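Let the hints inform the model, and build the full structure from the sequences given.
Number of protein chains: 2
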Amino acid sequence: MISVILVGNGNVATHLYEAFIGVDEIKVTQISSRELALIPQADVTIIAVSDDAIAEISSKITNDFIVHTSGSVSLNDLKNTTRKGVFYMLQTFSKDKKVNFNEVPFCLEAENEKDHKLLETLATSIGKKIYKINSEQRKTLHVAAVFVNNFTNYMYKIGNDICEKNNVPFEILQPLIKETASKIDYLSPKNAQTGPAIRNDEKTIKNHLNLLDTNQQKIYKILTKSIQNSIDCV
Amino acid sequence: MISVILVGNGNVATHLYEAFIGVDEIKVTQISSRELALIPQADVTIIAVSDDAIAEISSKITNDFIVHTSGSVSLNDLKNTTRKGVFYMLQTFSKDKKVNFNEVPFCLEAENEKDHKLLETLATSIGKKIYKINSEQRKTLHVAAVFVNNFTNYMYKIGNDICEKNNVPFEILQPLIKETASKIDYLSPKNAQTGPAIRNDEKTIKNHLNLLDTNQQKIYKILTKSIQNSIDCV
Chain P
1 MISVILVGNG NVATHLYEAF IGVDEIKVTQ ISSRELALIP QADVTIIAVS
51 DDAIAEISSK ITNDFIVHTS GSVSLNDLKN TTRKGVFYML QTFSKDKKVN
101 FNEVPFCLEA ENEKDHKLLE TLATSIGKKI YKINSEQRKT LHVAAVFVNN
151 FTNYMYKIGN DICEKNNVPF EILQPLIKET ASKIDYLSPK NAQTGPAIRN
201 DEKTIKNHLN LLDTNQQKIY KILTKSIQNS IDCV
Chain D
1 MISVILVGNG NVATHLYEAF IGVDEIKVTQ ISSRELALIP QADVTIIAVS
51 DDAIAEISSK ITNDFIVHTS GSVSLNDLKN TTRKGVFYML QTFSKDKKVN
101 FNEVPFCLEA ENEKDHKLLE TLATSIGKKI YKINSEQRKT LHVAAVFVNN
151 FTNYMYKIGN DICEKNNVPF EILQPLIKET ASKIDYLSPK NAQTGPAIRN
201 DEKTIKNHLN LLDTNQQKIY KILTKSIQNS IDCV
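Sequence lines, in order, name chains P and D. Take the first sequence: its position 45, counted from the start at 1, is 45 in this note's numbering, and no numbers get skipped. Take the second sequence: its position 198, counted from the start at 1, is 198 in this note's numbering, and no numbers get skipped.
Hints are computed from structural coordinates only; laboratory data are not their basis.
If chains are identical, the list can't say which one is meant, so a pair holds when it fits in one copy or spans any two.
Simulated crosslink set (BS3-like; lysine-lysine; CA at most 30 Å straight-line):
| no. | residue 1 | residue 2 |
| --- | --- | --- |
| 1 | Lys95 | Lys206 |
| 2 | Lys178 | Lys95 |
| 3 | Lys97 | Lys190 |
| 4 | Lys128 | Lys117 |
| 5 | Lys60 | Lys203 |
| 6 | Lys206 | Lys132 |
| 7 | Lys27 | Lys60 |
| 8 | Lys95 | Lys183 |
| 9 | Lys203 | Lys183 |
These numbers come from a predicted model, not from an experiment.
And the structure:
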């Protein structure tokens with residue numbers, strides 16, 4: 001039996017709590033970060049709070065083994081004087097949507113092999129995709145995630161804005177969006193690249209620019225140029 | 001029975017041919033654009049060739065009703081003297097991958113209601129998602145598709161480059177990529193936007209910029225600023 005304390009009330013803490021509660025070998029307790037004085041001892045204490053609060057909250061807990069769940073915070077930003085680790089799940093968690101933990105990559109870090117094994121046992125009790133990722137690698141993943149998640153979503157937003165302005169239903173683009181995401185399962189993004197930029201189709205590029213507002217033009221131009229340069233370097 | 005001539009040997013022509021051949025009510029013949037002199041008469045002649053070749057090829061065909069399959073070419077760029085139309089499928093077609101036409105949006109345009117009905121009958125014989133889209137709207141869709149497909153794939157490429165440079169497996173990001181694409185089924189891209197840009201999290205933004213090369217920084221900055229401005233305008 002592994003005892004787990006979950007500190008926090010947000011999406012990550014709540015989804016994790018619901019997952020652990022279904023595992024026989026885990027005894028899990030969820031605690032608000034406002035009740036730090038009342039935290040019982042446990043094999044693993046998981047702090048699932050906002051990045052800015054991790055240092056302060058970890059400094060106030062005396063439990064043996066404390067891990068955080070952040071992609072952008074280093075292991076050493078934990079300020080407990082006991083053992084430290086990271087239990088980072090690279091996925092977007094929405095409040096009302098059930099998480100399929102089998103699809104969630106668990107990025108684990110610990111100070112020694114025994115602690116790493118413990119985190120691995122926790123992760124495999126609810127998931128399948130387990131990775132050993134140190135703080136430097138995790139920072140890398142976090143910034144890469146900004147491109148493939150935040151900036152990609154912003155590409156969808158621009159597409160939506162263009163459609164709305166011209167009275168075209170955005171839903172027409174949704175199958176293409178899904179296919180674009182699926183394609184990289186069997187093609188590298190480099191080999192999956194299509195479009196006027198990579199074809200050097202100046203006529204289409206000019207036509208497209210005429211349809212865009214100033215801000216959209218700026219983004220279209222910089223991405224087109226960058227795609228074209230990325231080919232020259234091959 | 002509807003008779004269809006397909007002109008072209010590319011991905012679109014070939015996938016369409018394979019779909020139509022399975023429909024009892026359609027008699028389809030595929031012809032290379034080099035055999036224009038031999039084209040028999042048909043109810044619909046579909047020119048599925050590269051954008052640049054559409055005007056010339058259409059000018060050489062005397063069949064009654066000629067349509068093209070391009071997203072960026074106007075109906076009036078067809079140079080036949082008979083009836084014109086557009087049979088545009090908004091999806092990426094890969095040579096070796098079977099197309100699920102039920103998921104493909106058909107964007108149809110014709111000069112009169114009767115021709116539109118004919119194209120609709122063709123489209124519904126192999127697919128489900130049928131839209132009436134004029135040439136202006138189609139141009140809009142085409143540029144929006146550049147953002148949600150070409151530029152999105154380029155975001156994946158940058159994510160991949162960042163991972164490769166730091167020895168992190170890119171596959172860790174794939175579930176996030178899929179979830180990002182699925183999320184807009186139930187949230188508008190505007191409401192699905194997350195990340196340091198929209199949170200105005202200057203500390204994380206600064207940390208991220210330190211991990212990127214000059215070109216990646218340029219893209220990161222312009223997209224971050226644009227996301228932040230898009231909020232101010234709400």
